[in-house]
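Chemist: Quick mapping for you: the protein sequence lines, in order, are chains A and B. Residues in the first sequence are numbered from 1 upward in steps of one, following full-length UniProt numbering. Residues in the second sequence are numbered from 1 upward in steps of one, following full-length UniProt numbering.
Hints are supplied without guarantee of correctness; some may be wrong.
Stated by the list, open to error - If you want a taste of the chain A side facing chain B, the calculated C-beta under 8 Å gives, among others:
{"no.": "1", "residue": "L10"}
{"no.": "2", "residue": "H40"}
{"no.": "3", "residue": "G43"}
{"no.": "4", "residue": "I71"}
{"no.": "5", "residue": "H84"}
{"no.": "6", "residue": "R91"}
As the list claims (entries may be wrong) - These stretches of chain A come out as covered by chain B in the derived footprint (C-beta under 8 Å, 3 or more residues):
{"no.": "7", "stretch": "12–22"}
{"no.": "8", "stretch": "26–37"}
{"no.": "9", "stretch": "63–70"}
Calculated directly from the structure, the hints in this document are not laboratory data. Think of the CB as a built atom: it goes at the ideal place given N, C-alpha and C, for glycine as much as any other residue.
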Amino acid sequence: MTTAALTAGLERIPDQLGYLVISSEDGVLASAGELENDEHTAGVMMQMVRTASRFRLSGSPDVPFKRLSVILDDFVYTVTVSGHKVFVVKRQHNQQEPVNV
Amino acid sequence: MGCCYSSEDKPTEEEEEPLIQPNNIVSKSPNGTERNPPNVPTARTDEQALLTSILTKTAQNIIDVSAADQPMMEPHEYMDRARQYSTKLAVLGSSLPPKKALTLPSLTSQPHQVLSSDLVPYSDVQQRSSVLLTCNRTFQGKCTTSQMFIQKQ
């Protein structure tokens, strides 16, 4: 799949503020918006999704999730893996603020 | 510097002898004492000996790489050798244990759909705030309001 095909769908995601497409071997393949050239965030997201991918529910060999969401005050990072590529989308968090502790 | 003499005079053996000897390394007699070449002034001999010793020491300390005998390789020899090395590397590479797979498992074939679906409901966020409270107690208030959710969907 070409980079343009990979990113075309990401740009249409509602409330998206930016995105990253990352390859574990080649690094950042594409980036845009607030995540443009953000290699630091790319590295952090890669580490997070690698760690999360090690989780297993008891009795199941499969990874128990499809999407990883990192929820911050004003925005959310949503992360998934497809075809050996990691997709990260930063989306506006319009919901009511969580309880501050 | 030389000496003046009449061409009518027959040069003596001493006058014909060159001032700078061809073998100008000072030779020592077996008993260790310096032996001056015959009929050369002492001062000149000392100076020559000093210069010679400096030259000898310098020559000993210098490594002349240009004089090293380097084998020149023909292009075909070079290619053959490169091929041999590549083959050896390939053999060694195959005998090494396989690198641990660093590729991530694919979670979905529809990444755009998964990423564009609804975000985590606020109610779920609230429900998990108790986890955050526990985290704060454990780590002495160092947790922030950031939370990580893993959605099975």
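Chemist: Decide, hint by hint, whether the structure agrees.
Modeler: Going through the hints against the structure:
Interface restraint check: A/L10 against chain B, minimum CB-CB distance 6 Å, threshold 8 Å, status holds. For the restraint placing A/H40 at the interface with chain B, the shortest Cβ-Cβ distance is roughly 16 Å, beyond the 8 Å limit, so the hint is violated. Below 8 Å, beta-carbon pairs count as interface contacts, and A/G43 has none with chain B, the closest being about 14 Å; its hint is therefore violated. The beta carbon of A/I71 comes within 5 Å of a beta carbon in chain B, closer than 8 Å, and the hint placing it at the interface holds.
A hinted interface residue such as A/H84 counts as satisfied when its beta carbon comes closer than 8 Å to some beta carbon of chain B; here the least separation is about 5 Å, so the hint holds. A distance limit of 8 Å between C-beta atoms decides the matter here; for A/R91 the minimum to chain B is near 7 Å, and the interface restraint holds. Under a criterion of three residues with beta carbons nearer than 8 Å to beta carbons of chain B, the stated coverage of the stretch 12–22 of chain A is upheld, 3 such residues being counted. With 0 residues bearing a CB less than 8 Å from a CB of chain B, the stretch 26–37 of chain A misses the requirement of three and the coverage assertion fails.
With 8 residues carrying a beta carbon less than 8 Å from a beta carbon of chain B, the stretch 63–70 of chain A meets the three-residue requirement, and the given coverage holds.
In terms of the numbered hints stated before, the structure departs from hints 2, 3, 8, listed from lowest to highest.
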